[in-house]
Amino acid sequence: MRPPVGITLGDPAGIGPEIIIKALQRIPHRNLLLIGPDEVLKRESEQLKVPLPPVALYDTGPVGDYQYGQVQKNCGVAALQALEAGAALLKQNRISALVTAPVSKTALRLAGFRFPGQTEFLAHRLHARRYAMLAWSPQFRVIFVTIHLPLARVARQITSARVREKIILLNEYLQLEGFEQPVIGVLALNPHADEFSLGEERRIRQAIIQARRKNIRAEGPLPADSIFVNLDRFHGFVAMYHDQAMIPAKLLARGAGVNVTLGLSRIRTSPLHGVAFDIAGQHRADPGSMLTAIRLALKLSARL
Numbered sequence: 001m002r003p004p005v006g007i008t009l010g011d012p013a014g015i016g017p018e019i020i021i022k023a024l025q026r027i028p029h030r031n032l033l034l035i036g037p038d039e040v041l042k043r044e045s046e047q048l049k050v051p052l053p054p055v056a057l058y059d060t061g062p063v064g065d066y067q068y069g070q071v072q073k074n075c076g077v078a079a080l081q082a083l084e085a086g087a088a089l090l091k092q093n094r095i096s097a098l099v100t101a102p103v104s105k106t107a108l109r110l111a112g113f114r115f116p117g118q119t120e121f122l123a124h125r126l127h128a129r130r131y132a133m134l135a136w137s138p139q140f141r142v143i144f145v146t147i148h149l150p151l152a153r154v155a156r157q158i159t160s161a162r163v164r165e166k167i168i169l170l171n172e173y174l175q176l177e178g179f180e181q182p183v184i185g186v187l188a189l190n191p192h193a194d195e196f197s198l199g200e201e202r203r204i205r206q207a208i209i210q211a212r213r214k215n216i217r218a219e220g221p222l223p224a225d226s227i228f229v230n231l232d233r234f235h236g237f238v239a240m241y242h243d244q245a246m247i248p249a250k251l252l253a254r255g256a257g258v259n260v261t262l263g264l265s266r267i268r269t270s271p272l273h274g275v276a277f278d279i280a281g282q283h284r285a286d287p288g289s290m291l292t293a294i295r296l297a298l299k300l301s302a303r304l
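Sequence positions in the sequence shown follow this note's numbering and run 1 to 304.
One should not assume that every hint holds.
To be verified - Derived SDA-like pairs: lysine to any residue, alpha-carbon spacing no greater than 25 Å straight-line:
(1) 214 x 250
(2) 49 x 84
(3) 22 x 137
(4) 105 x 68
(5) 250 x 278
(6) 73 x 55
(7) 105 x 74
(8) 299 x 92
(9) 22 x 55
(10) 49 x 281
(11) 299 x 181
(12) 214 x 176
(13) 73 x 39
(14) 91 x 49
(15) 105 x 127
(16) 73 x 112
Because the hints were derived from the structure by calculation, they are not lab data.
Note that the structure is predicted; figures quoted are calculated from it, not measured.
Build the full structure now, drawing on both the sequences and the hints.
What follows is the structure, encoded as structure tokens:
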């Protein structure tokens, strides 16, 4: 039997445990492993008045007292312990994929976390030499050349090698999804694709030419202000920085967007939203993104 898909609970003070329990009510597939504190699941189940789903649990230990919607060190510790356990289980092939619930980066830093995000942590633990974040929805897939980087530093990071690497990663992923010869749209960095360029578009163009030599169907550089009205023309996109494509991605996903980490040699997905402290504990969080993240992890892990 295939190893289960692991699901970390995220920050206990956020909406992670709530959306996990809600999502599992709608998934008949039980080859899953919840990773996190048992007491958090029990508390959330009681609050929601919903029985815990019959899936296995990897208990990472007690959390202590915590309040919904607040940054707390003990919640950061709990989230980090679950993430570390998930990474170890994934590395040991004891789970076939990992779904990570939202975390508070501030709480993680209080717990001693020294990575920009969960993506970079997992890449480090799994020794990934090349990796990237993909924003996924049923009609939209986009990979980012830079992720958690101040906008002022983005242009210096746009090199032919980095762009080419992301084109190749996206092509490999799209083939895993079942697209035999995917068409990839590569976004320009600057408005109108060239008018204000200081050499960035030339480097992007070089990467596209190099990718084509590997029989990858890449087009661009394309202006970001108009490309997303032509979704049917492309199977996926390469964006130069986070907000360039994350804003349209979230708008198009309509609450069902997923983050997929590419390049780990294993599947990792997560909801395309954060801890939502403002509604934590109010029992009105939408589980749509978590539900899609779990379903996508189950689907993709079966293809590896």
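Are the Cα positions of residue 49 and residue 84 separated by 25 Å at most?
Given pair residue 49, residue 84 is violated - Cα atoms ~30 Å apart, limit 25 Å.
Taken at face value, is the distance from the CA of residue 74 to the CA of residue 105 at most 25 Å?
Satisfied, since the Cα-Cα distance of roughly 13 Å is no more than 25 Å.
Can the restraint linking residue 299 and residue 181 be considered satisfied, given a maximum Cα separation of 25 Å?
20 Å, holds
Hinted pair, alpha-carbon criterion (25 Å max): residue 22, residue 55. Please report holds or violated.
13 Å, holds
Pair hint outcome, residue 49 versus residue 281 [Cα-Cα no greater than 25 Å]
13 Å, holds
For residue 73 and residue 112, compute the direct alpha-carbon distance and say whether it is at most 25 Å.
At roughly 9 Å apart (the allowed maximum being 25 Å), residue 112 and residue 73 satisfy the hint.
For the pair supplied as a hint, residue 214 and residue 250, confirm whether the alpha-carbon distance does not exceed 25 Å.
Not OK: residue 214 and residue 250 at ~31 Å, beyond 25 Å, violated.
Would you mind confirming whether the straight-line C-alpha gap from residue 214 to residue 176 stays at or under 25 Å?
17 Å, holds
Given the hint that residue 22 pairs with residue 137, does the C-alpha gap stay at or below 25 Å?
This hinted pair holds, its Cα atoms lying about 20 Å apart.
Between residue 73 and residue 55, is the straight-line Cα distance small enough, at 25 Å or below?
The given pair, whose Cα atoms are some 28 Å apart, is violated under the 25 Å limit.
For residue 299 and residue 92, compute the direct alpha-carbon distance and say whether it is at most 25 Å.
Roughly 20 Å between the alpha carbons, so the hint for residue 299 and residue 92 holds.
Given pair status - residue 68, residue 105, alpha carbons within 25 Å:
Between residue 105 and residue 68 the Cα gap is close to 16 Å, so the pair holds against 25 Å.
Checked against the numbered hints above, the structure breaks hints 1, 2, 6 and 14 and satisfies the rest.
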